[in-house]
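Q: Top line first, the protein sequences correspond to chains A and B. Quick note: the first sequence, position 28, residue 28 per my numbering, numbers continuous. Take the position in the second sequence, starting the count at 1, then add 58; the result is the number in my numbering.
If you are wondering where the hints come from, they were derived from the structure by calculation, not from laboratory data. These figures come from a predicted structure and were not determined experimentally. Hints are not guaranteed to be accurate.
[To be verified] So the derived list for chain A, only partly shown, Cβ under 7 Å to chain B, looks like this:
#, residue
1, 34
2, 46
3, 57
For every residue, glycine included, the Cβ atom is placed at its ideal position computed from N, Cα and C.
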Amino acid sequence: MPEATEMTAEAAHMITVFAQQSGSVAGGWEYVWGAYVATWLFFGGYAVTLWTRSREEL
Amino acid sequence: MPRPVRSPALSVEFDLVRRLQIGWPASGVRRGCRPCDGYGPLGRCSIDGSQITNIVALLGLGFLLASAAPQFRRALPFAWEHPLGLAGLVLLVVGNWLGLYYAPQERFMGDVGRILYVHVPAAWLTMVCFTLAFLFALGFMFTNRRGLDSAMEAASEVGVMEGALLLLLGAIFARPTWGVWWSWDPRLTSSAVMMLSFVGVLLLRGVVQDFDRRATWSSIAAIFAGVNVPVTYYSVKWWRSMHQVQSETVAGSTIDDGMRWVLYFNTYAFLFLTVWFLARRWRIAETRAQAAMPEPLPQATT
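Let the sequences and hints guide you as you build the complete structure.
A: Written as structure tokens, this is what we have:
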């Protein structure tokens with residue numbers, strides 16, 4: 001049964017691939033910095049708009 | 059007795075389990091993160107983070123409660139929200155540093171897991187703001203008090219700002235973990251609908267000039283928009299979602315202690331800053347509402 005043999009080989013290959021991976025995301029600091037910078041930009045930007053509106057209206 | 063021979067595939071599976079647990083102690087393995095290696099920036103595990111976080115919370119919430127007393131507010135030489143805003147700024151600096159460098163790596167997401175220290179507080183505070191907007195709108199419909207309408211406007215705008223931040227942070231988080239910037243997942247979709255529905259509330263307030271109509275119509279719209287808050291919260295349970303279910307519930311937490319206190323530290327930073335945003339925005343809305351009120355009729359003289 002050649003088809004069954006091929007499937008078994010493919011499954012074994014996939015298991016080997018999974019085993020060679022560490023199981024965790026590696027790196028990604030650019031995303032981390034992007035998230036923190038975005039937080040500061042949003043908060044800082046909104047604080048500036050509040051400040052300018054306060055000076056005009058309060 | 060000869061040892062049983064394992065099949066190669068089974069051997070690889072055992073190896074996979076072993077690889078996942080490299081660096082973990084044999085006992086006391088906690089879910090979610092790599093255990094503390096014993097050394098923090100301030101010495102050997104010298105920070106009891108949960109106690110620090112509790113003290114920060116007590117001080118901040120105590121100040122908030124004291125600010126409710128008019129005598130306390132009058133005694134202050136500045137607006138009552140400024141100390142909270144300043145505290146929020148300091149906490150955000152320290153909390154971000156803790157999240158970036160002090161907190162342990164997440165077990166599966168690695169360093170990318172550090173995004174949760176800003177993503178989760180943004181999600182919580184967005185929901186808090188929209189819930190407040192819903193309650194203020196409901197209160198206005200029952201009492202017709204102008205201050206509640208101004209508070210609803212403030213909570214909606216701050217919620218939209220934090221909701222937009224939440225969606226952006228979610229996209230940044232999704233790319234390295236899910237492989238996509240955006241997915242029409244139930245949690246993501248309901249969050250976007252929730253945020254956009256409050257954008258609609260603000261747009262409605264912008265186009266209606268008459269004060270009474272604007273307040274009534276936008277309150278009704280905010281009540282409808284507020285229905286999205288529980289839908290968003292329960293979306294991960296009601297539908298099949300890639301997004302994880304809630305980690306912090308009344309029943310308990312699935313987050314490791316070493317990560318949870320950093321998360322709460324950042325959450326208090328977000329909370330104090332949000333209170334400052336809300337208070338400042340409410341003052342602006344009140345000033346505008348007063349300016350828009352018609353001049354009082356002159357006193358009748360006999």
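Q: Hint validation: residue 57 of chain A versus chain B, beta carbon distance must be below 7 Å. Holds or violated?
A: Because about 5 Å separates residue 57 of chain A from the closest Cβ in chain B, which is inside the 7 Å limit, the hint holds.
Q: Do the numbers back the hint for residue 46 of chain A, that is, is its least Cβ distance to chain B under 7 Å?
A: Nearest chain B Cβ about 5 Å off; hint holds.
Q: Verify the interface restraint on residue 34 of chain A: the C-beta must sit less than 7 Å from at least one C-beta of chain B.
A: This interface hint holds because 5 Å falls under the 7 Å limit.
Figure legend: structure checked against the earlier numbered hints; every hint is met.
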